[in-house]
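Q: Residue numbers (the UniProt record's numbering), protein chains in the order written: chain D, 1 to 311; chain E, 1 to 258.
None of the hints are false.
Restraint-style ranges between C-beta atoms, simulated for each label pair:
| no. | chain 1 | residue 1 | chain 2 | residue 2 | range |
| --- | --- | --- | --- | --- | --- |
| 1 | D | V12 | E | L38 | 51 to 61 Å |
| 2 | E | T37 | D | V12 | 48 to 58 Å |
| 3 | D | Q228 | E | S102 | 49 to 59 Å |
| 4 | D | A248 | E | V254 | 54 to 64 Å |
| 5 | E | V123 | D | E131 | 31 to 41 Å |
| 6 | D | V12 | E | L138 | 54 to 64 Å |
| 7 | E | V145 | D | E184 | 45 to 55 Å |
| 8 | D | E300 | E | T168 | 40 to 50 Å |
| 9 | E | P104 | D | S60 | 20 to 30 Å |
| 10 | E | V254 | D | R285 | 47 to 57 Å |
| 11 | D | E292 | E | P104 | 43 to 53 Å |
| 12 | D | D130 | E | P104 | 26 to 36 Å |
| 13 | E | V179 | D | L111 | 36 to 46 Å |
| 14 | E | T168 | D | E169 | 37 to 47 Å |
Derived pair list, reagent style DSS-like, types lysine-lysine, alpha-carbon separation capped at 25 Å:
| no. | chain 1 | residue 1 | chain 2 | residue 2 |
| --- | --- | --- | --- | --- |
| 15 | E | K88 | D | K14 |
| 16 | D | K62 | E | K252 |
| 17 | E | K11 | D | K118 |
| 18 | E | K167 | D | K14 |
| 19 | E | K252 | E | K167 |
| 20 | D | K28 | D | K183 |
| 21 | D | K141 | D | K128 |
| 22 | D | K14 | E | K252 |
| 23 | D | K18 | E | K252 |
| 24 | D | K301 | D | K220 |
| 25 | D | K128 | D | K118 |
| 26 | D | K183 | D | K220 |
| 27 | E | K88 | E | K252 |
| 28 | D | K220 | D | K263 |
| 29 | D | K301 | D | K21 |
| 30 | E | K11 | E | K88 |
| 31 | D | K141 | E | K88 |
| 32 | D | K287 | D | K301 |
| 33 | D | K263 | D | K287 |
| 34 | D | K280 | D | K263 |
| 35 | E | K252 | D | K21 |
| 36 | D | K220 | D | K287 |
| 37 | E | K88 | E | K167 |
| 38 | D | K263 | D | K301 |
It should be emphasised that the hints constitute simulated quantities derived from the structure, not laboratory data. Beta carbons: idealized from backbone N, C-alpha and C, even for Gly.
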Amino acid sequence: MNALEISGLEKVYKGGFKALKGIDFSVKEGDFFALLGPNGAGKSTTIGVISSLVNKTAGSVKVFGYDLDTQLMELKRQIGLVPQEFNFNQFETVRQIVVNQAGYYGVPRELAHQRAEKYLTQLGLWEKRDEPARSLSGGMKRRLMIARALLHEPRLLILDEPTAGVDIELRRSMWDYLTRLNKEGITIILTTHYLEEAEMLCRNIGIIDAGQIIENTSMKRLLATLSQETFILDVEASDKQPSLEGFATRWTDEHTVEVDVDKNAGLNGVFEQLSAHGIKVLSMRNKANRLEELFVNLVEKGRQQGTGGAA
Amino acid sequence: MNQSTSLIALKTIWIKECTRFLRIWVQTLVPPAITMTLYFVIFGSIVGERIGQMSGVTYMEFIVPGLIMMSVITNSYSNVASSFFSAKFQRNIEEMLVSPVSTPVIIAGYIGGGMARAMIVAVIVTAVSFFFVDNVHLEHPLYVVLTVILTSTLFSLGGLANAVFAKTFDDISIVPTFVLTPLTYLGGVFYSVSLLPDFWQGVSMANPILYMVNGFRYGFLGQADVPIGVAMAVLIGFNIAFFVLVYRLLSKGVGIRS
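With the rest of the complex left out, here is chain D (with noise of 0.2 Å):
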């Protein structure tokens, strides 16, 4: 069964700027989900119409069968969002936000206060229960968004960047919350400018561009088709910088090289050459993230054939 559903999607602003030109993608029941996009392209608008936050132009959006325009208080009820932006009343406390959005749901009260410990704890937020939300920190606040998010226990949780702002530490401890959400089987659709976590969590993948999806594939065979990478070589100082054969190269400086490797030619031939220079090498990273890269060529190659209409 499709967690979500989404066909012939439009959207014209007041003004008549059209944010979304008749998408068309589907994310399976327990997936993964990255919703991946340059900013303006559509995602936000996106998330707002599945959340119904956004009334629709055209088209037509399911959420586990449950129709937008027919269905909307079943629809509303299998969807827990996390938004971009802090919406929660700063005054109230962790807990009173949590329990009342439970409320909003029709869970009763005594069973919300249970939820509210049981998330709140999950995401290191039960000792804050009794502050006020202005007093926490960013990071808390995009977890006490999550919890908020959770307490209705829907089967279907979008969180529209929710690692915005968030240090390296909390950002992977998040990483693992939301993947143990996705083994317990709660299908998660993600946006993110981090490309590295969308590649490192999710399975499958859309990319929007002005209001159209350009890419909807899996992830591995998204990254498959990725024909070339850039490795970055950190070499013990040499007094030589040699061109290596059949690979282009670029001295930077004297400790560090960048080579262009084919994906069928293989890093042995670089090591080989390297060596029989007499050059150690210390270290190698890649110079891009391998789904930046695609990304930044997808996004590129749409607008180059008029698909992106970007001008």
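Given chain D, put chain E in place with the hints provided.
A: Frame of chain D; chain E shown alone:
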């Protein structure tokens, strides 16, 4: 959403609303007590003694129902207007919009909050009046209760409509300043409209607040400038009209959905 889950949602909104105005009680409950005390001292005790009787009772007794009603009107209106607009401003209104709470439940929850604050303030102002009036009449308690419920409901709905359209905090103070206060002062709080020339009596009849003040006064004193049946009909009519207006605004997502 079935009946029991709707009731849970309604209770949640109501508790949230009551918690809000009780948390800031210094801003919400104390000012009416102070303002009304000043009205009682100045208009009732100092000026009132020189005025003598009005409509067959002392001036102080005459103004008590009007002043309670004035508090009910301003508090129910401002409670809902400021709470709903703050929720829009901080975007926490989205908490309700993404959840399966129906529009009537949202409206009822906010009205419940406005009514609760209006009732508490009405009790406070009534208690204050005991310091100035020896004998507070209560001729028709049913009409006192009915009028206060219908009036607080109506102005809660009015505050909600105002908040839906408001884009800035200034927008939620314009109506109370330029509409509600003049209409309340000209609605017979401090005088009987029978004292006015015929023309101005006719004009006053177009003021809906006149019917609320007089409905309430009828409940206290057993007499009013307008028939009680007309006062009740006007109140019910305005309540229905404002409910339909607010329901349509929220259903369409005016001011809250893009």
